[in-house]
Amino acid sequence: MHRALKLVRRRALSSIPVLLIVVTGTFFLLESATGDAVDAYLVSLGGGDAELARNLRETYGLDQSAWSRLWLYVSALARFDLGWSVAFNRPILDVILERLPNTLLLMGSATALAFLLGSLLGIVAGARPGSGVDRLLSVGSLALYAVPSFWLGLVLILLFAVQLRWFPTAGIESIASGKSGFDRAVDIARHLVLPVCALGFIYLALFLRMMRAGMAEIWRQDFVLAARAKGLARRRIVLRHIARNALLPLVTMLGLQAAAMLGGSVVIESVFAIPGFGRLAQEAVAARDAPLLMGIIVMSAILVILVNLLIDLAYAALDPRVGQGERRT
Amino acid sequence: MSKPLLQVRDLSVVYGRRNAATHALSTVDLDVAVGGRLAVIGESGSGKTTLALALARLLPPEAVVEGSIAWPGLDRSPVGGRDIGYVFQDPGSSLNPVLTIGEQVSEGARRHLGLSRGAAKKRALELLERVRIPDPEAALRAYPHQFSGGQRQRIAIAAAIAANPLVLIADEPTSALDMVVQAGIVRLLDRLVRDEGMSLILITHDIALASGLADAIAVFRDGRLVETGPTPQLLSRPANAYTRMLINSHIDFTSPRLIEAG
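Just so you know, the protein sequences line up as chains Z and C, in that order.
Mapping to the working numbering: the first sequence position 123 is 123, numbers consecutive.
So the number in the working numbering is just where the residue sits in the second sequence, counting from 1, plus 1000.
Fair warning: there could be bad hints in the mix.
Simulated restraints on C-beta separations [unchecked claim]:
(1) Z:V133 <-> C:Q1007: 37 to 43 Å
(2) Z:Y145 <-> C:Q1007: 52 to 58 Å
(3) Z:R190 <-> C:R1017: 40 to 46 Å
(4) C:V1079 <-> Z:L154: 54 to 60 Å
(5) C:S1148 <-> Z:A12: 31 to 37 Å
(6) Z:L120 <-> C:N1248: 56 to 62 Å
(7) C:R1244 <-> Z:P129: 45 to 51 Å
(8) C:A1241 <-> Z:L120: 57 to 63 Å
(9) C:A1142 <-> Z:L117: 33 to 39 Å
(10) C:V1079 <-> Z:V162: 57 to 63 Å
(11) C:P1061 <-> Z:R321: 29 to 35 Å
(12) C:E1196 <-> Z:A189: 55 to 61 Å
(13) C:G1045 <-> Z:L5: 25 to 31 Å
If you want a taste of the chain C side facing chain Z, the calculated C-beta under 8 Å gives, among others [stated by the list, open to error]:
(14) P1097
(15) H1112
(16) L1113
(17) R1117
(18) H1145
(19) F1147
Calculated from the model, a selection of chain C residues having no Cβ within reach of chain Z, i.e. all distances over 12 Å [claimed, not checked]:
(20) A1021
(21) E1107
(22) E1126
(23) L1192
(24) G1197
(25) A1216
(26) P1232
(27) S1236
If you're looking for bench data, these hints aren't it; they were derived computationally from the structure.
Backbone N, C-alpha and C define an ideal beta-carbon position, used for all residues, glycine too.
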């Protein structure tokens, strides 16, 4: 697809300044916070003298000026080197790559659940605006949307893990179970059910309401009247003519929600004790590990840029009008 | 005269609740002959579009309909798309922006004629040729935004006649188009109705258009049928003062200037 390729190239170029702004902004934000990794390390040691602190700062390059450290950071970043984590005493990239898959799995599953079930229920509600089913779903989704995700997570744990014992309470997989292949996948899936529900249900409500509102809007469009004039089956009008159009804003929403979901996963990962990306951010803050936090933020930015690129590609595939104007410029 | 295609008797349409009701149509009696061409003319708000929607049974659910619309020539109740084709005023909004032209033109035929996917595609191609869309093969895969207003209206007409309806209802089919394009659409409607042996109900505010295309005219005002009759008779000897006013208010090249140069 020629149109898609152009879009990818344009986006790849424009994401470079975005990343630079994120890096610089975050760098100075972290710089303005008092205390550094050496302070945190000395606290964990139970104290130390000024000599040790100075030596440590020299080792990690923390004694240099902010600008020169920023320059070092950016030039290292250009070589895909995120630096060294003081807290973990390992390369930051390794630490992040170890945690990222868990979060991607959690976020991906939650997004899929929210989008698929949300739009499906939205179609059910929007197929007959004002009907009993519509009202029930609208009220139900509003209630769900009003619930904070950490509370929902705790309730789910209490009910399904503690009382009913259907699912494990925490973690991403059973520790030292020795499972591999399919058994391990089932084990991870069982662990993910509750956190995915806790994270996904709130967005599900959002997608449901958007889909429903979009469909109610499109019911009034001329082309729906034209489809009715053609005597088409109601099912075809609802799915092909109305839902197909109402889906477009949901796809845009999906891109915007990707960033919010990344933030939401910090909370859910804490509640369910999942060793993921969000928890890593929390640990980095606790350890005053600024380079690690930087790495996490840069990685998040790349993730959000990638997700939005995918969303734009999906949108271009769904809406034939997109990309037409760009050809002329 | 043989059995008419449709007989409207004592038709009233009321919108809204009882306390804030608006009478869109009041006690209308009207016949359309088989193969006849009826123009329904009137100003905005005269109820002509309501009549068209009522005939096609497309009125919104809050509309209260009284009286009868009978189809003597049909031994069952008419089906939208199958028996009635409907062309809307603005082809920019009556075509679905995200579905291909091929799908939109053929979906009526697939539904009512039971065509397979392949046969429906052939039918769509044939229809696009008939309404003179350039390069119909490519048009099948294209989307509405890739066509001009006039072409879109031709496509909408092709979609409306896909299942060979008995009657084509055209609600202000040229009002959203510019003059030159209008003439093309009028010629197309004229040719299609003649070739297919369809009846035509043309809703318009343009008395010149009505007189050129229709063999009978019904004049509406404030939801009531003012006068109806064969076109030549109605134009030359209008019985009603309002009809006379409509005819006289028509502007053409022989009309005096509205604003004197000075």
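Consistency of the hints with the structure:
1. A hinted range of 37 to 43 Å for the beta carbons of V133 (chain Z) and Q1007 (chain C) is consistent with their spacing of about 40 Å.
2. Checked against the hint of 52 to 58 Å, the pair Y145 (chain Z) and Q1007 (chain C) passes, with Cβ atoms roughly 54 Å apart.
3. For R190 (chain Z) and R1017 (chain C), the hinted distance range of 40 to 46 Å is not satisfied, since their beta carbons lie about 56 Å from each other.
4. Taken as a hint, the range 54 to 60 Å holds for the pair V1079 (chain C) and L154 (chain Z), whose Cβ atoms sit roughly 56 Å apart.
5. Roughly 36 Å separates the CB atoms of S1148 (chain C) and A12 (chain Z), a value that falls within the hinted 31 to 37 Å.
6. Checking the proposed 56 to 62 Å range against L120 (chain Z) and N1248 (chain C) shows it holds: the Cβ atoms sit about 60 Å from each other.
7. Look at R1244 (chain C) against P129 (chain Z): about 47 Å separates their beta carbons, and that is inside 45 to 51 Å.
8. Between A1241 (chain C) and L120 (chain Z) the Cβ separation comes to about 60 Å, which falls inside the hinted range of 57 to 63 Å.
9. Taken as a hint, the range 33 to 39 Å holds for the pair A1142 (chain C) and L117 (chain Z), whose Cβ atoms sit roughly 34 Å apart.
10. Between V1079 (chain C) and V162 (chain Z), the C-beta spacing of about 59 Å keeps the proposed range 57 to 63 Å intact.
11. Checked against the hint of 29 to 35 Å, the C-beta distance between P1061 (chain C) and R321 (chain Z) comes to roughly 31 Å, which is consistent with it.
12. The hinted range of 55 to 61 Å is satisfied by E1196 (chain C) and A189 (chain Z), whose Cβ atoms lie roughly 60 Å apart.
13. A C-beta distance of roughly 52 Å is found between G1045 (chain C) and L5 (chain Z), which places it outside the suggested range of 25 to 31 Å.
14. Interface restraint check: P1097 (chain C) against chain Z, minimum CB-CB distance 6 Å, threshold 8 Å, status holds.
15. For H1112 (chain C), the shortest C-beta to C-beta distance to chain Z is roughly 6 Å, which falls under 8 Å, so the interface hint holds.
16. Against a cut-off of 8 Å between C-beta atoms, the interface hint on L1113 (chain C) is violated, since the closest Cβ of chain Z lies about 12 Å away.
17. The interface hint given for R1117 (chain C) is violated, since its Cβ lies 14 Å from the closest Cβ of chain Z, which is over the 8 Å cut-off.
18. Hint on H1145 (chain C) holds. Least Cβ distance to chain Z is approximately 5 Å, under the 8 Å limit.
19. Because the closest C-beta pair between F1147 (chain C) and chain Z is about 12 Å apart, greater than 8 Å, the hint is violated.
20. The beta carbon of A1021 (chain C) is kept farther than 12 Å from every beta carbon of chain Z, the shortest such distance being approximately 21 Å.
21. A cut-off of 12 Å between C-beta atoms contradicts the statement that E1107 (chain C) is not in contact with chain Z; the least separation is 6 Å.
22. The Cβ of E1126 (chain C) lies farther than 12 Å from every Cβ of chain Z, with a closest approach of about 17 Å, so its non-interface assignment holds.
23. The beta carbon of L1192 (chain C) is kept farther than 12 Å from every beta carbon of chain Z, the shortest such distance being approximately 17 Å.
24. At the 12 Å boundary, the C-beta of G1197 (chain C) stays outside the reach of chain Z, the nearest C-beta of that chain being 20 Å off.
25. A1216 (chain C), annotated as away from the interface, keeps every beta carbon of chain Z farther than 12 Å; the closest lies near 23 Å.
26. Listed as outside the interface, P1232 (chain C) is consistent with that label: its C-beta sits roughly 32 Å from the nearest C-beta of chain Z, beyond the 12 Å cut-off.
27. Under the 12 Å C-beta cut-off, the non-interface status given to S1236 (chain C) relative to chain Z holds; the minimum distance is some 35 Å.
In this structure, the hints that do not hold are numbers 3, 13, 16, 17, 19, 21, in rising order.
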